[in-house]
Amino acid sequence: EAGVAQSPRYKIIEKRQSVAFWCNPISGHATLYWYQQILGQGPKLLIQFQNNGVVDDSQLPKDRFSAERLKGVDSTLKIQPAKLEDSAVYLCASSLLSEAFFGQGTRLTVV
Amino acid sequence: GIQVEQSPPDLILQEGANSTLRCNFSDSVNNLQWFHQNPWGQLINLFYIPSGTKQNGRLSATTVATERYSLLYISSSQTTDSGVYFCAAISFGNEKLTFGTGTRLTIIP
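Top line first, the protein sequences correspond to chains A and B.
According to my numbering, the first sequence holds residues 1 to 111 in order.
According to my numbering, the second sequence holds residues 1001 to 1109 in order.
Treat the hints loosely; a few may be bogus.
[Stated by the list, open to error] Below, a list of computed lysine to any residue pairs in the SDA-like style, where the Cα atoms sit at most 20 Å apart:
hint : chain 1 : residue 1 : chain 2 : residue 2
1    : A       : K44       : B       : D1027
2    : A       : K71       : A       : Q41
3    : B       : K1096     : B       : K1054
4    : B       : K1096     : A       : F65
5    : A       : K44       : B       : V1064
6    : A       : K71       : A       : K44
7    : A       : K44       : B       : K1096
8    : A       : K44       : B       : G1041
9    : B       : K1096     : A       : H29
10   : B       : K1096     : A       : K83
11   : B       : K1054     : B       : H1036
12   : A       : K83       : A       : E14
13   : A       : K62       : B       : K1096
14   : A       : K15       : B       : V1064
15   : B       : K1096     : B       : Y1048
16   : A       : K71       : A       : D57
17   : B       : K1096     : B       : P1050
18   : B       : K1096     : B       : N1038
19   : B       : K1054     : B       : V1064
20   : B       : K1096     : A       : G72
21   : A       : K44       : B       : T1101
22   : B       : K1096     : A       : A20
23   : B       : K1096     : A       : G42
24   : A       : K15       : B       : T1101
25   : A       : K83       : A       : F65
26   : A       : K44       : B       : K1054
27   : A       : K71       : A       : A20
28   : B       : K1096     : B       : Q1003
29   : B       : K1096     : A       : E14
30   : A       : K62       : B       : L1071
Worth flagging that the hints you see were computed from the coordinates, not collected in a lab.
Based on the sequences and whatever the hints tell you, model everything.
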């Protein structure tokens, strides 16, 4: 069974530029999560989808971050414009009923 | 929402030693997971254990749901066990998977 796929693995951008991350969950998994992990901290939930509907986006900085999950499968997370403090690893996870599985993450550096 | 706390924050051990990592949570849970974050940042699933005890090789975990804590045991530690260990939980009535702050384990040869 294929795991959660994320791309790109690494991205370096200048502040005020835009960036997008892509996630392909495990086939059949209805729940999809995006997390932000700043160095030295635990992952923080940004947004959670159930199929293509948003379950929770209370910690998503909506003035600059957006996410969508078209057709309840793949998802993209966008940052526009990026700030220095957005430098972090962005993790995508999916689950069917309970146990969540994570992708390898995208390491974003904003300079 | 649920609060998840882990202890100790840092643990340094000699190779071959045993270790116990603790995770406390503030509400009743229907999901409790332990992860190992490898040096490349990927979260590796160790256990899905909302209650009871499980074992996988040198690792085992116990969750006492009524007392709101979970323990991860690592026996005969190896240098490859080094890294950060996270627990994460989902409480009843709330679907968010909330992480603790992690325990950084360093195994010295």
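Check: Hints broken by the structure, by number, lowest first?
Finding: As far as the earlier hints go, 2, 3, 5, 6, 10, 14, 18, 22, 24, 26, 29 and 30 are violated by this structure, in ascending order.
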